[in-house]
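Starting from the given sequences, assemble the full structure and let the hints guide the process.
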Amino acid sequence: MSAGGTDQDILELAQHPSTEQESFSLLYKNYAQKLYWHIRGMVSNHEDTDDVLQDVMVKAWRGIKRFRGESKLSTWLYRIATNETITFLGKRNKRQTASIDGDDDYLHDTMKADQSVDGDIVMLKLGKAMSGLPEKQKLVFTMRYFDEMTYDEISKVLGTSVGALKASYHHAVNKIEKFLTEND
Amino acid sequence: MAQQDDIKKELEGLAPKLASLKRSKADAGIPEGYFEQLEGEISEKVFPSVEKVNQGRVVKLWTYTSIAVAACIALFFLTRQPAQIIEYPSIDPLSDAEEFMMETFETEDLEMFYSASLEDTTTNIDAESILIEENHLEELLNI
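Chains as they are written, first to last, in the numbering used here: chain A, 1 to 184; chain B, 185 to 327.
Because the hints were derived from the structure by calculation, they are not lab data.
Treat the hints with care, as some may be off.
Simulated crosslink set (DSS-like; lysine-lysine; CA at most 30 Å straight-line) [unchecked claim]:
hint	chain 1	residue 1	chain 2	residue 2
1	A	Lys125	A	Lys175
2	B	Lys193	A	Lys72
3	B	Lys192	A	Lys175
4	A	Lys125	A	Lys166
5	A	Lys59	B	Lys192
6	B	Lys201	A	Lys136
7	B	Lys206	A	Lys125
8	A	Lys136	B	Lys193
9	B	Lys201	A	Lys65
10	B	Lys201	A	Lys128
11	A	Lys34	B	Lys193
12	A	Lys34	B	Lys244
And the structure:
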């Protein structure tokens with residue numbers, strides 16, 4: 001249940017031309033920020049997150065009338081966001097002609113650039129630690145740590161077993177913990 | 185809430201240092217009023233305003249009309265041919281008739297035609313019949 005209206009409200013209002021703007025507004029209020037942080041956990045900087053989020057919201061809205069309710073609306077939205085983010089990262093990696101770990105450096109650099117002078121040093125450290133993770137572990141860690149999703153929810157979004165997700169998350173957490181301890 | 189507690193407990197067991205970090209999203213390079221502004225931007229993409237739609241329609245209508253008019257004019261000039269003037273051969277009826285008669289008929293024939301044209305054959309017949317009728321009348325009167 002969301003403050004602005006339920007998923008059911010969003011879906012019902014979307015079906016009628018006279019109420020579809022209201023539906024869009026509810027969809028945006030309930031999910032835009034959550035999706036922002038989900039994407040941001042993967043792409044790291046605000047500008048890229050903004051681009052991906054706009055694409056995600058437009059795609060979600062264009063597909064909402066065909067949404068059959070076989071999964072939760074949130075699961076469907078996170079799936080769109082995850083797919084768009086992975087596609088974006090793939091394109092970005094191709095564009096980069098740097099070394100093999102160029103993307104990790106980029107991730108760290110953009111996180112650093114996003115910090116203000118009095119920025120949160122801890123978050124910067126966490127960003128650097130995350131930049132060393134494989135894509136899949138980074139995604140699972142973001143969804144569990146930042147999006148606070150259950151393994152079951154993550155499993156539905158990514159189509160991976162709960163056991164595999166737990167393993168990925170534990171690996172990611174151990175690597176970050178090690179990095180934080182060594183760079184304390 | 186229970187969900188968040190579970191995640192926190194799991195993290196404390198796995199990575200105490202990471203669990204102690206304060207998760208901050210406040211300072212993340214997001215411009216002020218970003219989410220409010222973004223809603224308008226995306227809304228414009230998914231709901232083009234009625235005015236814009238109408239403007240687009242008017243422009244389209246004018247474009248199509250102009251193209252249609254230009255096409256008609258071009259078609260008119262391209263398919264246009266010089267006007268067909270039917271020229272009839274000039275005839276001088278009198279001279280041709282004369283020529284025909286001169287070539288065809290002999291002088292005697294012409295004379296015959298001429299005399300025939302003067303001869304009034306019907307007059308005699310009529311006169312006779314009139315006389316008969318007059319005589320007949322006389323007969324009737326005599327009676």
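Against the structure, the hints:
1. A:Lys125 <-> A:Lys175: It holds: about 13 Å lies between the C-alpha atoms, which stays within 30 Å.
2. B:Lys193 <-> A:Lys72: holds, 26 Å
3. B:Lys192 <-> A:Lys175: holds, 17 Å
4. A:Lys125 <-> A:Lys166: Judged against 30 Å, a Cα distance of about 23 Å means the pair holds.
5. A:Lys59 <-> B:Lys192: violated, 33 Å
6. B:Lys201 <-> A:Lys136: Holds, because 22 Å separates the two Cα atoms, which is no more than 30 Å.
7. B:Lys206 <-> A:Lys125: holds, 12 Å
8. A:Lys136 <-> B:Lys193: At roughly 23 Å apart (the allowed maximum being 30 Å), Lys193 of chain B and Lys136 of chain A satisfy the hint.
9. B:Lys201 <-> A:Lys65: violated, 45 Å
10. B:Lys201 <-> A:Lys128: holds, 15 Å
11. A:Lys34 <-> B:Lys193: Given pair Lys34 of chain A, Lys193 of chain B holds - Cα atoms ~22 Å apart, limit 30 Å.
12. A:Lys34 <-> B:Lys244: Between Lys34 of chain A and Lys244 of chain B the Cα gap is close to 41 Å, so the pair fails against 30 Å, i.e. violated.
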